[in-house]
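Quick mapping for you: the protein sequence lines, in order, are chains G and Y.
Be aware that the first sequence starts at 1, since it is given in the numbering used here, and climbs by one per residue.
Be aware that the second sequence starts at 1, since it is given in the numbering used here, and climbs by one per residue.
Heads up, a few of these hints could be off.
Stated by the list, open to error - Here are the simulated lysine to any residue pairs, SDA-like style, with alpha carbons at most 25 Å apart: (1) Y:312 to Y:42; (2) Y:775 to G:15; (3) Y:417 to G:86; (4) Y:645 to Y:704; (5) G:73 to Y:791; (6) G:73 to Y:720; (7) G:73 to Y:581; (8) G:73 to Y:718; (9) Y:568 to Y:800; (10) Y:775 to G:27; (11) Y:533 to G:88; (12) G:73 to Y:463; (13) Y:426 to Y:57; (14) G:73 to Y:495; (15) Y:533 to G:90; (16) Y:533 to G:27; (17) Y:645 to Y:733; (18) G:73 to Y:464; (19) Y:775 to G:22; (20) Y:568 to Y:793; (21) Y:426 to Y:683; (22) Y:312 to Y:337; (23) G:73 to Y:533; (24) G:73 to Y:780.
If you are wondering where the hints come from, they were derived from the structure by calculation, not from laboratory data.
For clarity, every value in this text was computed on a predicted model and none was experimentally measured.
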Amino acid sequence: MSGWIPVCGYQGLLPERGVCALVDGRQVAVFRTFDGTVHAIGNLDPFSGAQVLSRGIVGTRQGEPTVASPLHKQVFSLVSGVCLDEPEFSVPVYPIRVEAGLVQVGTGA
Amino acid sequence: MNKIVVVGYGPTAHRLVETLHERGFGGQVTVIGEEPRPAYDRVALTSYLSGTSVEDLTYPVPPGTVTRLGGRVTAIDRAARTVTLADGSAEPYDVLVLATGSAPFVPPVPGAEHAYVYRTIDDLDAIRMAAKDATEGVVVGGGLLGLEAADALRGLGLKTHIVEMSPWLMPRQVDEGGGSVLKSHIEGLGLSVHAGAGVQEIVAGERGVTGLRKPDGTLLDAQIVVFSAGIRPRDELARASGLDVGERGGIAVDAGMRTSDPAIYAIGECALAGGMVYGLVGPCFTMAEVAADRILGGAATFEGADMSTKLKLLGVEVAQFGAMDGALDVTYMDPVAGVYKRLFISDDAQTLLGGICVGDASPYGSLRPFVGKPLPAAPSDLLFTGSGMELDLPDDAQVCSCNNVCAGTVRTAIADKGLTDVPGIKACTRAGSTCGSCVPMLKQLLEKSGVELSKALCEHFTYSRAELYDIVRVRGITTFSELVSAHGQGRGCDICKPAVASILASLHNGHVLDGERAALQDTNDAFLANIQKNGTYSVVPRIPGGEITPDKLIVIGEVARDFGLYTKITGGQRIDLFGARVEQLPQIWRRLVDAGFESGHAYGKALRTVKSCVGSAWCRYGVQDSVGLAIDLELRYRGLRAPHKLKSAVSGCARECAEARSKDFGIIATEQGWNLYVGGNGGFKPRHADLLAADLTTEELIRTIDRFVMFYIRTADRLQRTAAWLESLDGGLDYLRQVIIDDSLGICAELDAQMEHHVATYVDEWQTTIDDPDKLGRFVSFVNAPGVPDPSIVFETERDQIKPVEVAVR
Ligand code: SRM
Ligand SMILES: Cc1cc2nc3c(=O)[nH]c(=O)nc-3n(C[C@H](O)[C@H](O)[C@H](O)COP(=O)(O)OP(=O)(O)OC[C@H]3O[C@@H](n4cnc5c(N)ncnc54)[C@H](O)[C@@H]3O)c2cc1C
Ligand code: SF4
Ligand code: FES
Numbered sequence: 001m002s003g004w005i006p007v008c009g010y011q012g013l014l015p016e017r018g019v020c021a022l023v024d025g026r027q028v029a030v031f032r033t034f035d036g037t038v039h040a041i042g043n044l045d046p047f048s049g050a051q052v053l054s055r056g057i058v059g060t061r062q063g064e065p066t067v068a069s070p071l072h073k074q075v076f077s078l079v080s081g082v083c084l085d086e087p088e089f090s091v092p093v094y095p096i097r098v099e100a101g102l103v104q105v106g107t108g109a
Numbered sequence: 001m002n003k004i005v006v007v008g009y010g011p012t013a014h015r016l017v018e019t020l021h022e023r024g025f026g027g028q029v030t031v032i033g034e035e036p037r038p039a040y041d042r043v044a045l046t047s048y049l050s051g052t053s054v055e056d057l058t059y060p061v062p063p064g065t066v067t068r069l070g071g072r073v074t075a076i077d078r079a080a081r082t083v084t085l086a087d088g089s090a091e092p093y094d095v096l097v098l099a100t101g102s103a104p105f106v107p108p109v110p111g112a113e114h115a116y117v118y119r120t121i122d123d124l125d126a127i128r129m130a131a132k133d134a135t136e137g138v139v140v141g142g143g144l145l146g147l148e149a150a151d152a153l154r155g156l157g158l159k160t161h162i163v164e165m166s167p168w169l170m171p172r173q174v175d176e177g178g179g180s181v182l183k184s185h186i187e188g189l190g191l192s193v194h195a196g197a198g199v200q201e202i203v204a205g206e207r208g209v210t211g212l213r214k215p216d217g218t219l220l221d222a223q224i225v226v227f228s229a230g231i232r233p234r235d236e237l238a239r240a241s242g243l244d245v246g247e248r249g250g251i252a253v254d255a256g257m258r259t260s261d262p263a264i265y266a267i268g269e270c271a272l273a274g275g276m277v278y279g280l281v282g283p284c285f286t287m288a289e290v291a292a293d294r295i296l297g298g299a300a301t302f303e304g305a306d307m308s309t310k311l312k313l314l315g316v317e318v319a320q321f322g323a324m325d326g327a328l329d330v331t332y333m334d335p336v337a338g339v340y341k342r343l344f345i346s347d348d349a350q351t352l353l354g355g356i357c358v359g360d361a362s363p364y365g366s367l368r369p370f371v372g373k374p375l376p377a378a379p380s381d382l383l384f385t386g387s388g389m390e391l392d393l394p395d396d397a398q399v400c401s402c403n404n405v406c407a408g409t410v411r412t413a414i415a416d417k418g419l420t421d422v423p424g425i426k427a428c429t430r431a432g433s434t435c436g437s438c439v440p441m442l443k444q445l446l447e448k449s450g451v452e453l454s455k456a457l458c459e460h461f462t463y464s465r466a467e468l469y470d471i472v473r474v475r476g477i478t479t480f481s482e483l484v485s486a487h488g489q490g491r492g493c494d495i496c497k498p499a500v501a502s503i504l505a506s507l508h509n510g511h512v513l514d515g516e517r518a519a520l521q522d523t524n525d526a527f528l529a530n531i532q533k534n535g536t537y538s539v540v541p542r543i544p545g546g547e548i549t550p551d552k553l554i555v556i557g558e559v560a561r562d563f564g565l566y567t568k569i570t571g572g573q574r575i576d577l578f579g580a581r582v583e584q585l586p587q588i589w590r591r592l593v594d595a596g597f598e599s600g601h602a603y604g605k606a607l608r609t610v611k612s613c614v615g616s617a618w619c620r621y622g623v624q625d626s627v628g629l630a631i632d633l634e635l636r637y638r639g640l641r642a643p644h645k646l647k648s649a650v651s652g653c654a655r656e657c658a659e660a661r662s663k664d665f666g667i668i669a670t671e672q673g674w675n676l677y678v679g680g681n682g683g684f685k686p687r688h689a690d691l692l693a694a695d696l697t698t699e700e701l702i703r704t705i706d707r708f709v710m711f712y713i714r715t716a717d718r719l720q721r722t723a724a725w726l727e728s729l730d731g732g733l734d735y736l737r738q739v740i741i742d743d744s745l746g747i748c749a750e751l752d753a754q755m756e757h758h759v760a761t762y763v764d765e766w767q768t769t770i771d772d773p774d775k776l777g778r779f780v781s782f783v784n785a786p787g788v789p790d791p792s793i794v795f796e797t798e799r800d801q802i803k804p805v806e807v808a809v810r
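Bound-form chain G, shown alone (with noise of 0.2 Å):
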């Protein structure tokens, strides 16, 4: 069963500034870029095996939205969720979307 879960008012996050939700019992690392496109990636780094993601720096990588793991750096896409430093690696990615200035996930994605 699928469904949208508010995490936070859209004003109350910063932009290139990530905060992390909990989710149906799963982190999710939900970000705002400076264009104001809001993203959810899952929070747990592969590389570390901790739940950080959402305190890395945002930026671009060849114009497409990115974190980079504060751990070890390594860079992710805020699109698809893959690490563009080794593609091999991944982290699943959240239907995301923002209803009367609040931010949802989606659940049962």
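Starting from the structure of chain G, add chain Y with the ligands where the hints point.
Chain Y with the ligands alone, transformed into the frame defined by chain G:
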């Protein structure tokens, strides 16, 4: 064959064992050296008297090498394949390498037993001791080493004479014309030169040496006599064991460095190769490499070597390359400026044969590679303007004579390995790593090979950090967005964002989490704490100078106990508390701030600690209050953002218990004040700091450090510690002195003002964070469940404290 024994542990032996190690030799290597220490850079020996430590001179012993120091080999038993040492022990070998070097020649004149020689660290220690009670000294020998010894005596404060048999100084390197120019230079420095004179006797009384008598009967007053009248190969072991030696000394070897016994090699100054004994380190290194190759089954040969020399003695440049005569020659002489240059040319005026320079050695670098080749320009042009000319080197022209490297080899290395700087060339080809005189040539080769030294920070900026710093400063930019939209592209990354954050912080000193700046920070700066492997953070309160009251210690203990944190004393004289979750950080800091603690910036590229020794307050040797100064410095520079972290230390006397010379800026107390050392580093590539200024007052000291740090912040690269920055600074320490002491760029007032601004506007980041609800809101594990701790963080217990549970990854 698996056991190699090397006799003698000088530079040549070192190059041999290093090469064997680098080439993966699998057997056992034992080096037996008579001196009490591993091999050191004998070429730089004199610098020992001006303060270079033994440690800095010493070559690293390659891993796996067995050394027997202070052990003299007294016999070789070739049949049994063993060597015997003076203590009676024996060492078996499969292959023996003799690298016994040479010994100074002491002529058999009456009183010679009172004289000193100039070859080892022990010799220099003895001379330095003797110089304490002396006012005058004589050096016998006016060659390369003799002049170096004379310079050393002069440096020790003695009135110095040089006695030379030949009619002029340095007869092996210069001709009569050059010798006379050299003499006037040296006399100008207050030394007296007695050329064309020998030694009759060394006169000694009850209280030691009183003088040296020349054959004409005149007496030179002196309390120290140093012989530097040539060297003799140390071939005594070889002789006694029946190996072939040359008529005039030297162990005879073939082109593969093998002696008349195929199990024994001889290399370095003790070897007679192609009828020559070589007294320069370059050919010795080549011999070592040839022998290593042969031992490993190769077929390398020693083809003789270039005996060119270039040196700066007593401030005078002297150089000689190629032949010292020829059918034709061109001479340039300027007695007023003290310059003499002469080139030797073949009779058809086509080929360069050699040259001599005194007072200006610039033709050495540019023309030496052309020896034996067609002249690159008209001889007179070469002599008058040759210094500034950029000449195209043929591939087979030797650029580095110390390490026998040709221009072609350097070019290939640049192209194949993508080298972009001189350190890269040194590491790959060894060129430039010995005497350094070829470094300008290496730079030229880099430039000419069209190496576009990319300074671009990352894909978002084509500028270097220093250029961005200037753009931000000059344009008055205050945000990343402004900078990237006007001067970059995209939205930045984990490389440029923290770099720009640091520039903005150095220039404006606002709170690192204010506005957009919060999004630029690495997680460490974003949470004002250091992230650990399991996503928790560590907390490091500042403990200036390492001094702390019992009450404050108790607070730290209580906080750690109440939050269940792991505690450890750091290498920086303070206490680290590990294992805090993000939501605990503000609570922990509330307690610490209330007790008077501040952020220690362990997370920032900023000042870390100023370590101190206990100093004059308690220590019986201390000459200044090192703790007091360390605290003042730590409080002055706390919070200052920089291209990389900054560390400092203050020692109360020369015993250096605070290890100040391993710091970015280190201070050592003297009777008169403070000595300031800069550019030290521990860490990955240790470097001892260099003395920038001596005997400063506290006020002068602080002003100098202010400028040093600000100039570094202004010009260094991203994540470049001061050690690497100083090494890359064109003109090095002298240039740095010109800029920050003599104000050659006229920027000192600006640097001073910037530091004043920093000091005046500093506030504790943690104090302002815990007082600001907006900033505090960020310290949660989950945005939608602020009270919930991250369930993925689990600990186990080890030695009564917590420890992250290991997770299997990848
Ligand atoms: C805690 C401490 C080890 C200890 O238990 O003693 C430590 C811990 C770390 N050091 Fe260190 N270093 C500590 C003293 C040192 C020292 C010794 C000293 O300062 O006297 C050195 C060598 C001296 C030097 O820096 O020149 C040192 C050389 C490094 C380096 C290598 C720097 C270099 O130039 O090569 C790094 C890596 C870097 O900065 O890029 C590093 C980096 C780190 C980091 C920040 C690694 C990281 O990114 O996670 C460690 C995390 C600290 C934390 O979480 O709190 N640490 N580190 C010491 C903290 C001192 C303090 O109170 O601030
Ligand atoms: C002050 C000074 C300045 C110099 N400047 C320059 C320069 O600018 N450029 C240049 O090219 N060269 C220079 N040289 C020369 C250079 O140092 C030598 O070419 C180089 O040291 C030769 O190295 P080696 O290992 O063959 O011999 P050595 O350095 O003499 O080392 C031989 C070692 O073997 C030990 N030994 C000898 N016999 C035994 C034994 N039986 N048992 C155990 N150990 C033994 C000796 O004690 C010594 O430590 C300079 C030399 C001096 C002294
Ligand atoms: S450096 Fe000198 S003053 Fe400081 S503790 Fe050591 S011996 Fe004492
Ligand atoms: S010529 Fe001495 S290091 Fe290159």
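These are the hints, each one checked on the structure:
1. The hinted pair formed by residue 312 (chain Y) and residue 42 (chain Y) meets the criterion: a straight-line CA distance of about 16 Å does not exceed 25 Å.
2. Proximity of residue 775 (chain Y) to residue 15 (chain G) is assessed by CA-CA distance (about 15 Å); at most 25 Å being required, the pair is judged to hold.
3. For the hint pairing residue 417 (chain Y) with residue 86 (chain G), the CA-to-CA distance comes to about 24 Å; that is within 25 Å, so the pair holds.
4. Between residue 645 (chain Y) and residue 704 (chain Y), the direct Cα distance comes to roughly 19 Å. Compliance with the 25 Å bound is thereby established for this hinted pair.
5. At most 25 Å may separate the alpha-carbon atoms for a hinted pair to count; residue 73 (chain G) and residue 791 (chain Y) meet this at roughly 24 Å.
6. Under the criterion of a C-alpha separation no larger than 25 Å, the hint pairing residue 73 (chain G) with residue 720 (chain Y) is consistent with the structure, at around 18 Å.
7. Of the pairs offered as hints, the one joining residue 73 (chain G) and residue 581 (chain Y) holds, with about 21 Å between alpha carbons and a cut-off of 25 Å not exceeded.
8. For the given pair, residue 73 (chain G) sits about 16 Å from residue 718 (chain Y) by alpha-carbon distance, which is consistent with the 25 Å threshold.
9. Proximity of residue 568 (chain Y) to residue 800 (chain Y) is assessed by CA-CA distance (about 13 Å); at most 25 Å being required, the pair is judged to hold.
10. This hinted pair checks out: residue 775 (chain Y) and residue 27 (chain G) have alpha carbons roughly 22 Å apart, not beyond 25 Å.
11. A C-alpha spacing of about 22 Å is found between residue 533 (chain Y) and residue 88 (chain G), which places the hinted pair at or below 25 Å, so the restraint holds.
12. In summary, the hint linking residue 73 (chain G) to residue 463 (chain Y) is supported, as the alpha carbons are separated by about 22 Å, within the 25 Å threshold.
13. In summary, the hint linking residue 426 (chain Y) to residue 57 (chain Y) is supported, as the alpha carbons are separated by about 18 Å, within the 25 Å threshold.
14. Simply put, residue 73 (chain G) and residue 495 (chain Y) have alpha-carbon atoms about 9 Å apart, close enough for the 25 Å limit, and the pair holds.
15. Restraint check: the Cα-Cα separation between residue 533 (chain Y) and residue 90 (chain G) comes to about 19 Å, which is no more than 25 Å; the hinted pair holds.
16. At most 25 Å may separate the alpha-carbon atoms for a hinted pair to count; residue 533 (chain Y) and residue 27 (chain G) meet this at roughly 18 Å.
17. Restraint check for residue 645 (chain Y) and residue 733 (chain Y): satisfied, since their Cα atoms lie roughly 21 Å apart, inside the 25 Å limit.
18. Distance hint between residue 73 (chain G) and residue 464 (chain Y) is fulfilled; the C-alpha atoms sit about 21 Å from each other, no more than 25 Å.
19. With a C-alpha separation of about 21 Å, the suggested pairing of residue 775 (chain Y) with residue 22 (chain G) holds against the 25 Å cut-off.
20. With a C-alpha separation of about 20 Å, the suggested pairing of residue 568 (chain Y) with residue 793 (chain Y) holds against the 25 Å cut-off.
21. Among the hinted pairs, residue 426 (chain Y) with residue 683 (chain Y) is consistent with the structure: their alpha-carbon atoms are about 21 Å apart, no more than 25 Å.
22. In summary, the hint linking residue 312 (chain Y) to residue 337 (chain Y) is supported, as the alpha carbons are separated by about 16 Å, within the 25 Å threshold.
23. For the given pair, residue 73 (chain G) sits about 13 Å from residue 533 (chain Y) by alpha-carbon distance, which is consistent with the 25 Å threshold.
24. Distance check on the hinted pair: residue 73 (chain G) and residue 780 (chain Y) sit about 22 Å apart at the alpha-carbon level, within 25 Å; holds.
Consistency note: the structure conflicts with none of the earlier hints.
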